[in-house]
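Sequences listed follow chains R and H, in order. Using my numbering, the letters of the first sequence correspond one by one to residues 1 to 260. Using my numbering, the letters of the second sequence correspond one by one to residues 1 to 106.
Hint data in this document are derived by calculation from the structure and do not stem from the laboratory. It cannot be assumed that every hint is accurate.
To give an idea of the interface, some chain H residues facing chain R are shown, with a C-beta separation under 7 Å as derived from the structure [claimed, not checked]:
1) SER2
2) LEU5
3) ASN7
4) ARG14
5) SER25
6) ALA68
7) ALA69
8) ASN70
9) PHE72
When the alpha-carbon atoms are kept at most 30 Å apart in a straight line, the in silico DSBU-like pairs for lysine-lysine are as follows [said to hold, decoys possible]:
10) R:LYS87 x H:LYS21
11) R:LYS155 x R:LYS87
12) R:LYS69 x R:LYS87
13) H:LYS10 x H:LYS21
14) R:LYS128 x H:LYS21
15) R:LYS87 x R:LYS128
FRET-style restraints, in silico, Cβ to Cβ [unchecked claim]:
16) R:ASN119 x H:LYS13: 54 to 62 Å
17) H:TYR34 x R:PRO145: 38 to 46 Å
18) R:PRO231 x H:LYS10: 42 to 50 Å
Heads up, the beta-carbon is just placed ideally off N, CA and C, and yes, glycines get one too.
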Amino acid sequence: MSARADGLFALCLATLMHAIPAAAGEIAAADRRSDYEFMSRDTRVMQDDDSSNPGMLWVNDGEALWTRKVGEFSCMDCHGDARVSMKGVAARYPVFDAIRGRPMDLEERIMSCRINHQNATPFAYESKELLALEAFVARQSRGMPIETGSDARLKPFIEAGRELFNRRQGQLNISCAQCHDDNWGKRLAGNAVPQGHPTGYPLYRLEWQTLGSLQRRLRACLFGVRAETYPFGAPENVALELYLMVRARGMAMDAPAVRP
Amino acid sequence: MSAPLINVPKSAKRGEIIAIKTLISHEMETGFRYGSNGVLIPRNIITEFVCTYNGDEIFRANFYPAVAANPFLTFYTVASASGKFAFQWTGDNGYSETATAEIVVE
Numbered sequence: 001m002s003a004r005a006d007g008l009f010a011l012c013l014a015t016l017m018h019a020i021p022a023a024a025g026e027i028a029a030a031d032r033r034s035d036y037e038f039m040s041r042d043t044r045v046m047q048d049d050d051s052s053n054p055g056m057l058w059v060n061d062g063e064a065l066w067t068r069k070v071g072e073f074s075c076m077d078c079h080g081d082a083r084v085s086m087k088g089v090a091a092r093y094p095v096f097d098a099i100r101g102r103p104m105d106l107e108e109r110i111m112s113c114r115i116n117h118q119n120a121t122p123f124a125y126e127s128k129e130l131l132a133l134e135a136f137v138a139r140q141s142r143g144m145p146i147e148t149g150s151d152a153r154l155k156p157f158i159e160a161g162r163e164l165f166n167r168r169q170g171q172l173n174i175s176c177a178q179c180h181d182d183n184w185g186k187r188l189a190g191n192a193v194p195q196g197h198p199t200g201y202p203l204y205r206l207e208w209q210t211l212g213s214l215q216r217r218l219r220a221c222l223f224g225v226r227a228e229t230y231p232f233g234a235p236e237n238v239a240l241e242l243y244l245m246v247r248a249r250g251m252a253m254d255a256p257a258v259r260p
Numbered sequence: 001m002s003a004p005l006i007n008v009p010k011s012a013k014r015g016e017i018i019a020i021k022t023l024i025s026h027e028m029e030t031g032f033r034y035g036s037n038g039v040l041i042p043r044n045i046i047t048e049f050v051c052t053y054n055g056d057e058i059f060r061a062n063f064y065p066a067v068a069a070n071p072f073l074t075f076y077t078v079a080s081a082s083g084k085f086a087f088q089w090t091g092d093n094g095y096s097e098t099a100t101a102e103i104v105v106e
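This is chain R alone, in the form it adopts within the complex (with noise of 0.2 Å):
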C-alpha cells in the first residue's frame, strides 16, 4: 500500500471506529459471506472466467513448475496428477505438523518437499515460483468446502490466532475483529469492509497488480492499523492463517481470486 493510501485508510479507519459504536462478537454461521459478494460486478466477472482472471497466468506457470524435474524428482513424480492428489488439499491448510510440532501453511509444506526431497534450495516468499506452485495447487479446491481445524492438536494454535485477531494493535490501537467482526459491510475508503474470509488464496489484487499470498495480506493489515508487522513465516501469521481458516469452514474456496 503506498503512504498516501495509507494515510488515507489510517484516516478512515479511525473516523470509522469512533462513528461506530463496536458491536459484539464473532459472525453467526448464517450471516457468514465471502469477500467476493462485498465485489463489484466487473470484478467479479474478471474472476470467473479463466480467460480474464491473471491468477491463471500463475496456475499454468505452477502446473508447469509441477512437472519439472528439480535434481531427481519433479512434484509429479511423487504426487501424480495434481487434479486428483491435490483436489481438496488447499481447503485442509494450515494442517499440524507432527515433526515440528505445529502448524504449517501450504507455503511452508511446498518449500519443505522442496527442501527435503528435491534438495533444492528454498523459494522465497512471495516470489513468483512460490506463488505459481501454490496457486496451481489452491486451484484443484475450488468450490470445495474449507475444512481446516479438524485435527485436535491443532486446538491451542487456533485459539492462539483468535487471541491476535481479538488483540488490539498498533498506532491506531484496534484488533481484526473490531473491523471484521463488528463493522463489516460498512464503508472504508470507499470500499466495503469484508469479513476476511480467506477463501481465495493466492489471491490476484488489482491494487497490488500481481498475486500475493495471505501472510501478504495479513501484513498489509497489520501495516494499515500501523503495527509491527510478523516477517513472513512467523509463528503469528501462521496462527492468523489458521484461526482465519477455521472461521470460514464449510464456505466454498475460490482461488486464485480477484480481489480490489
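Start from chain R and add chain H according to the hints.
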C-alpha cells in the same frame, strides 16, 4: 513466464460479431518509480499489440506507462472466414511475445 491467455470462439457463423480476449503476463514497470535504494527503476512496458486475421491486421493498440500490469484486452471483429488469428506483443528491452488461435466459420 507463462503463455498469454487467449479467448477466441472455436466456431462462429459467417458475418457474426465475435469477441476476442487476450491476457498477458507483464510487470508493466512505469519508469516513474524509485526502488528502496533511491534509484529510478527503468521503464519496462509493452508498447504495442497487433492482431491479424488470416494475415490482415484487424486491431492494433499502443500501450503507455499508465497501463496496469498483466494487460487484458477485449476487442471485436466480424467472423468472415475460417483461419488463424495471430497476436503479437512487443515492448521495451526487446520484448516480444506471440500467440495464435484458430476459428472455424460456417
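Tested hints:
1. Using the Cβ-Cβ criterion of 7 Å, the hint placing H:SER2 at the interface with chain R is satisfied: the shortest such distance is roughly 4 Å.
2. At a threshold of 7 Å, the smallest CB-CB gap from H:LEU5 to chain R is about 5 Å, leaving the interface hint in force.
3. Annotation: interface hint on H:ASN7 holds; nearest CB of chain R at approximately 4 Å, less than 7 Å.
4. Because the smallest distance between the Cβ of H:ARG14 and any Cβ of chain R comes to about 24 Å, over 7 Å, the interface hint for this residue is violated.
5. Satisfaction of the interface hint for H:SER25 is found here, the shortest Cβ-Cβ separation to chain R being roughly 4 Å, below the 7 Å cut-off.
6. For H:ALA68, the interface hint holds, the least distance from its beta-carbon to any beta-carbon of chain R being 6 Å, beneath 7 Å.
7. A hinted interface residue such as H:ALA69 counts as satisfied when its beta carbon comes closer than 7 Å to some beta carbon of chain R; here the least separation is about 4 Å, so the hint holds.
8. Of the supplied interface hints, the one on H:ASN70 holds, with its beta-carbon coming within about 5 Å of a beta-carbon of chain R, less than 7 Å.
9. Hint status for H:PHE72 relative to chain R: holds, with the closest Cβ pair at about 6 Å, below 7 Å.
10. A threshold of 30 Å between alpha carbons decides the hint, and for R:LYS87 with H:LYS21 the separation of about 29 Å falls inside it, so the pair holds.
11. The straight-line distance between the Cα atoms of R:LYS155 and R:LYS87 is roughly 25 Å, inside the 30 Å bound, and the hint therefore holds.
12. Between R:LYS69 and R:LYS87 the alpha-carbon distance is near 22 Å, which keeps this suggested pair within the 30 Å criterion.
13. The hinted pair formed by H:LYS10 and H:LYS21 meets the criterion: a straight-line CA distance of about 13 Å does not exceed 30 Å.
14. Of the pairs offered as hints, the one joining R:LYS128 and H:LYS21 holds, with about 24 Å between alpha carbons and a cut-off of 30 Å not exceeded.
15. Straight-line distance between C-alpha atoms of R:LYS87 and R:LYS128 comes to about 22 Å, which keeps the hinted pair within the 30 Å bound.
16. For R:ASN119 paired with H:LYS13, a C-beta distance near 56 Å keeps the hint of 54 to 62 Å intact.
17. Taking the beta carbon of each, H:TYR34 and R:PRO145 are about 45 Å apart, inside 38 to 46 Å as hinted.
18. Between R:PRO231 and H:LYS10 the Cβ separation comes to about 48 Å, which falls inside the hinted range of 42 to 50 Å.
Hint 4 alone, counting from the list given before, is not met by this structure.
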